[in-house]
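Chain order of the listed sequences is F and P. As numbered in the working numbering, residues 20 to 376 make up the first sequence, in order. As numbered in the working numbering, residues 69 to 250 make up the second sequence, in order.
Be careful, since some hints might not be right.
[Said to hold, decoys possible] Derived BS3-like pairs: lysine-lysine, alpha-carbon spacing no greater than 30 Å straight-line: (1) Lys50(F) - Lys78(F); (2) Lys50(F) - Lys246(P); (3) Lys246(P) - Lys152(F); (4) Lys92(F) - Lys78(F).
[Unchecked claim] Some chain P residues close to chain F (C-beta under 7 Å, calculated; not the full set): (5) Ala97; (6) Asp120; (7) Ile124; (8) Pro206; (9) Gln209.
Note that these hints are calculated values from the structure, not bench results. C-beta atoms are modelled at their ideal positions from N, C-alpha and C, and glycine is treated no differently.
Each chain is listed here by its residues.
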Amino acid sequence: MVFYITYIVVGIALFGFIAGFTLFAVYSERKIAGFVQDRLGPMETGKHGTLQTLADILKLIQKEFITPAAADKILFVAAPVIIFVAVFLGFAVMPWAPGLAPSALNLGLFYVIAIISVDAIGLLMAGWGSNNKFSLLGSMRAVAQIVSYEIPSGLALISAVMITQTLHMQEIVINQGIASQNTLLFLGLWDVSNIGGLLAWNVFQAPHLWVAYLIFFIASLAECNRAPFDIPEAESELVGGFHTEYGGLRFAFVFLAEYAMMFLVAMIGVVVFLGGWNTPLPNMGSVRLADWTTGWIWGIFWTLSKTLLIVGVQMWIRWTLPRLRADQLMALCWKVLTPLAFLCMAISGVWRVWVMG
Amino acid sequence: MNITALVFYVFATLAIGSALLLVSMRNIARSLFLFFIVLFSVAGLYVFALADFVAITQILVYVGGVLILMLFAFMLSNKELLNDLQIGTSHFFALPAWQSLVIAVSFLAILVYTSLQLGADEPGWIAASREAGTVLTPTDQTIQHIGVQIMTRYLLPFEIVSVLLMMALIGAAHLTRKEATS
C-alpha cells in the first residue's frame, strides 16, 4: 500500500512545484514586461516588488465566488478545473532526471499530445458556460487555434521521434547523451557517443530538427494562447476572452493552467529536441565535464534551467511582437508551418535510413 | 477488493452512468460535455485491457477532434432548430425511435449471446495463449507490435483508410473554397 502514498505525494509535489513556478513566473513576466517597455514593473510590495504575486494570490483567494445569473452553473464551475487538470495530467510523464519521472510510460510523448488536447474542451466549457458573447467568441477562437496548431506541432514532434525511434520520454532523453547505448553521430558524421554534451542533442544529431523545433516552438505558443497568438484573449476586442466572467480562485486556476501549460510545452521541447536532463558540457580529453555534470541533482538542474530559459524566451516574445490577425494566424499555420513540418518529416525518414543507417 | 478493481468499477460506473444521463438529458450543451466524460472513462477501461495505445488514440481523436467538432456544430447551428429538437417527444420509447430500439435490442442480444458463449470462466483461446506464453504483460511495448502489424498484415486496410481520409480532406478543401464569380 505504501506506493499508493508515493503516488499521492508525487502529485502534491508536482502541484506545489507548479504553484511555486506560477508565482515566480508571474513576477518575472511583469519584470520582463517592465524591462522591455522601459519601465520598472512592480516595485512597491517587498524589495523590488518580490512579494507582489504573493499579495495577488492572497487577494484572489479571499475573493467571493461570483457566478453570473444566466450562466450554466455546472459547466461554469467545472471548466477551470478541467482546464487545469488537463495540463496537470501532462506532467505525469515528463522526465526530470536519470530514472526520475512520475510515470515511465512507453507512449509518453503520444500521451502528452493527447492529454493537452483535452484543454480545448475545458475552454469551450468555460466559454459556453459563462453565457457571455465575449467568452464564447474567445473560446471558439482559442479552440480553432489550438486544433489547427496541433497539426504542425505534432508533425514536428513526429520528425524527432523518427530519429529517436521511441515514444518513451526517458529513452528519448537517454538517446541524446553519454548514457546512450546507441552510437550518436554529430550531424550524422562524427561519433560523439562518449563525448556527449551539447553535440549529442537531437538538434545537433540531425540539423533539420532545428527547423522542427522552431515549428514546434511557434505552434506551442499558439497552443498556450500566448502573444503573438493571443487573439482568444485580445484585450482590446474581447475583454478577457474565455475567462471574462471568472474571478477569485476560479480565475487563479485558469491562470495557473496557463503558466503550467507554458512550462509543460517548453519542457516537451527541451526533452524532445534539446537534450532533456543531459548536460550541455561535452567531455574534452581528460576533462570529463559531461561525466561530472550528469546525475540526479544535475539532471533536475539542467531540465529546470533549460526549460526556464525557453519560458523566458516565450515571455520576451510576448512583449516584443504584435498580435497576429485571425486570417494571418491560419495562413501561417496551414501555408507555412504545416508544409515545412511535412518536409521535416520527409527529411527525418531519409536521415534515419541513409545517414544514421 | 483491491484498488485496481475499485478504479475499474469507478470508470465503468462513470461510463454507464453518464451515458444514461446523456441520452435522457434535454440540454444538448450539457449532454455533449457528458459525452466527454463517457469517452474519457471508456479510455480508462481500454487501459485496463492493456490497450494503452487505443486509449490514448481515443482521447486524441474523439475528445480532441470529434467532440470539439460536435461542439462547434452545436454552437454554430440554428437556435430554432435546436429548440425543436429539445422540445420534441419526451417519451423514452417513442414510436419514431423504433429504429434505435431495433439496434439496441440487437446489441443486447449480441452481448447476452457472447457472455453465454464465454461462460463463467475465460474462453478457450485465452487459456490456450496463456499456456503458450503469447500474452501481453503491462510493461510490454505494444506500439512496436502495432507498427509491424499495420505495415504487414493490415497494410491494405491502412492504405484504404488513408486514401479515404485524403478524399475527405480534398473534399473539405474544395467545399470551403470560394467560387470564382462568373
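A quick look at each hint next to the structure:
For the hint linking Lys50(F) to Lys78(F), the alpha-carbon distance of about 20 Å falls within 30 Å, and the restraint holds. With a C-alpha separation of about 47 Å, the suggested pairing of Lys50(F) with Lys246(P) is violated against the 30 Å cut-off. A threshold of 30 Å between alpha carbons decides the hint, and for Lys246(P) with Lys152(F) the separation of about 28 Å falls inside it, so the pair holds. This hinted pair checks out: Lys92(F) and Lys78(F) have alpha carbons roughly 24 Å apart, not beyond 30 Å.
Because the smallest distance between the Cβ of Ala97(P) and any Cβ of chain F comes to about 6 Å, under 7 Å, the interface hint for this residue holds. At its closest, the beta carbon of Asp120(P) sits 6 Å from a beta carbon of chain F; the interface hint therefore holds under the 7 Å criterion. Because the beta carbon of Ile124(P) sits about 5 Å from the nearest beta carbon in chain F, less than 7 Å, this interface hint is met. Checking Pro206(P) against chain F: minimum C-beta separation of about 10 Å lies over 7 Å; hint violated.
Because the beta carbon of Gln209(P) sits about 5 Å from the nearest beta carbon in chain F, less than 7 Å, this interface hint is met.
When held up to the earlier numbered hints, the structure conflicts with 2, 8 and fits the remainder.
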